[in-house]
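For chain A, the structure is supplied; the task is to place chain B on it using the hints.
These are the residues of each chain, in order.
There are 2 protein chains.
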Amino acid sequence: MISARMMKMSEGGSAIRAMFEEGNRLASLYGRENVYDFSLGNPNIPAPEKVRSEIIRIAEDTDPMELHGYMSNSGYPFVRKAVADNLNTRFGTSFDENNIIMTVGAAGGLNVILQTLLNPGDEVIVFAPYFLEYGNYVANFGGVLKVVPTTEEDMFQPSAKALGDAISEKTKAVIINNPNNPTGVIYSESKIKELSAVMQEKERLYGISIYLISDEPYRELAYDGADVPYLTKYYHNTIVGYSWSKSLSLPGERIGYLVIPKEADDAQLIYSAAVISNRILGFVNAPALQQRLVAACLNEKTDVEAYDRNRKTLYKGLTDCGFDCTYPSGAFYMWVKSPDADDNTFAEKAKKYNILFVPGSSFACPGYVRIAYCVSHDMILRSLPAFKKLAGEYKL
Amino acid sequence: MISARMMKMSEGGSAIRAMFEEGNRLASLYGRENVYDFSLGNPNIPAPEKVRSEIIRIAEDTDPMELHGYMSNSGYPFVRKAVADNLNTRFGTSFDENNIIMTVGAAGGLNVILQTLLNPGDEVIVFAPYFLEYGNYVANFGGVLKVVPTTEEDMFQPSAKALGDAISEKTKAVIINNPNNPTGVIYSESKIKELSAVMQEKERLYGISIYLISDEPYRELAYDGADVPYLTKYYHNTIVGYSWSKSLSLPGERIGYLVIPKEADDAQLIYSAAVISNRILGFVNAPALQQRLVAACLNEKTDVEAYDRNRKTLYKGLTDCGFDCTYPSGAFYMWVKSPDADDNTFAEKAKKYNILFVPGSSFACPGYVRIAYCVSHDMILRSLPAFKKLAGEYKL
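Here the protein sequences line up with chains A and B, keeping their order. Start counting the first sequence at -10; every next residue gets the next number (this note's numbering). Start counting the second sequence at -10; every next residue gets the next number (this note's numbering).
Derived by calculation from the structure, the hints in this document are not laboratory data. These figures come from a predicted structure and were not determined experimentally. Treat the hints with caution; some may be incorrect.
[Claimed, not checked] Once the Cα atoms are required to be at most 20 Å apart in a straight line, the calculated SDA-like pairs of lysine to any residue come out as:
| id | chain 1 | residue 1 | chain 2 | residue 2 |
| --- | --- | --- | --- | --- |
| 1 | A | K326 | A | A117 |
| 2 | B | K(-3) | A | K(-3) |
| 3 | B | K251 | A | E141 |
| 4 | A | K251 | B | S(-1) |
| 5 | B | K301 | B | Y223 |
| 6 | B | K39 | A | R41 |
| 7 | A | K180 | A | A128 |
| 8 | A | K(-3) | B | D216 |
So that you can see chain A by itself, here it is in the shape it has in the complex:
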């Protein structure tokens, strides 16, 4: 009796989810310490201590009516102002509270902006490999996903030419994720300029607006001083989606925001429609306590050095085993070429050694796998002999 779409999705299941269940099964058989689960992007660095002290301060100091009551569907004005000011200080932008909508995580924000923009049949372009949920979000509103592959030769950077070829008069949006899940690649400033030029050219050609939706939960996870360009400065029709899931290790709390800059076409209309969308999709508003919390923690940072140490240890360990890895510049994922023709077979074989990771097929990019290194350093060290044995199966 359920909807045909949801029936199909129930049958499909989620590969990442299945991994999670498999991890629990193996842990019950062999003990948690003997299972090397690299499948989930769940930060292993705890939230900064200030998160705890601010929750307590907010609960102690705030009138419960103010603390837990309704506010504007866009979020508290003082929180939006604090977010805008923080972005302006860091990136030289000039946002104010009327450019910010507080959202239920980045996933909530992406659904809100897609509902706001899409008419059924409108096309949304993504670059593969990509987070498969984008396809579900686009389908929620009758949009059509167009997938543009990136290649190892291009270091998984998107091709401006391929983007131009994919854009049609039905293109409404392009989603990019920078730093990238699953490749760990950061799109450089020159790459962003190329993409921007192509989109502007196509906007003129077709007389349309093409919105660049920048999904940025990994913005603060950049290594070796890498610069992550702030896209509103490069392309007028950029809309930013953000989440504190990774930067403050709050993935369960569902708190993020959208930036709708005033230079975007129909910016005011998009803003007011997105606020309505936030309401009618059932989010209503971002969780009240979490809004106050992030406003008080805007200058807090997660322990990027710990992820960096994991990155270096895992990269050296895997390349020493003979695996072919993309050296990540950001996020906390290692993108590894499958030594097996079938990445699913490779992931299955890894399970024999209690190693869990996600096949690239789950990111629309077969032939690779994603190894999430937001895990304890110790687990990485313990896993390396198992990776060595796995490499042996392929005579690497």
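Then chain B, alone, in the frame of chain A:
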């Protein structure tokens, strides 16, 4: 450049929202204490003191990785178990954690269950007057809303015959809201039995499943010992949506749940699809800290006596002025017959006396208005002379 549907909604605006802005305008002109704003269903009773102490305890005692990390998209198993046990104790049901999905408020839960059930073109029946957001939620998934009026003669109780006439082979769900917003009416056990009988008869007739979606944020707000029947006990295909927005005064925190009982047709399939829907609509999971909080506060109660005192004072005050009111049995709304042929005109005239309430047209029931008495008792007392003057305009 925005979607046609959102463009239309932006133009329409929200009457309740407009009231809110008007309240702020009047307050800036005449002082907040001289404005009698009865427009919003925002509880004025603060959250119980235990909410504050439990937030602090949870922050102090819980490992931040556990407190703020991802969990199952359905919510923490221990929270779902605690909710199920609490319902079983109170209502003699036999739920377990596999019947409960924690949601981002009731609004999130309703969107999740509607996405789970609806194919485009499926019909969803509501009884007017009704919370207009139901129409938006149904439209999010291509459903078609069918509105069945209730009447003052029937004390705004739904008619089983009218329901039967409205059901077709395309009917997928019926939404009821008990206690009712905006009428304050509670549907009695005998009424529920009548509705259940009709739905079962039509299920057999058409060979379909018709789900009764019971939206219950006002369950605990029942006066004079009124019984609010627990609907899963009366109709096999009942799905309950709940929120702690009113019962713990946490509307800004967005925390609620869905109950999918095992006796519902395709219960397991609905449950697993609803968990996927929770993920792909971008909720991902209900806010983590709030899940722990409500589990610790399941036996806390809001101050129903305070609302009851408001109810009695306002009812007496308004009827003494000559207004024709439905005496509410639950929720915190007074449903008042408009003495003006046009309820919008009546609401406009009320603004001259700094009184704000919502026209019944905003609930698909012209000719009445909704007066929300989740306000300070003092404001009700202060407002009565203004209501007296308003009554004078109509020579009541």
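Structure-based check of each hint:
1. A C-alpha spacing of about 15 Å is found between A:K326 and A:A117, which places the hinted pair at or below 20 Å, so the restraint holds.
2. Simply put, B:K(-3) and A:K(-3) have alpha-carbon atoms about 32 Å apart, too far for the 20 Å limit, and the pair is violated.
3. Proposed proximity of B:K251 and A:E141 is contradicted: the alpha carbons are some 49 Å apart, above 20 Å.
4. A hinted pair counts as satisfied when its Cα atoms are at most 20 Å apart, and A:K251 with B:S(-1) qualifies at roughly 18 Å.
5. Proposed proximity of B:K301 and B:Y223 is contradicted: the alpha carbons are some 32 Å apart, above 20 Å.
6. Our distance criterion of 20 Å between C-alpha atoms is met by B:K39 and A:R41, whose separation comes to about 18 Å.
7. With a CA separation close to 28 Å, the supplied pair A:K180 and A:A128 exceeds the 20 Å bound.
8. Note on A:K(-3) and B:D216: the hinted pairing is violated, with a Cα-Cα distance of about 41 Å set against a maximum of 20 Å.
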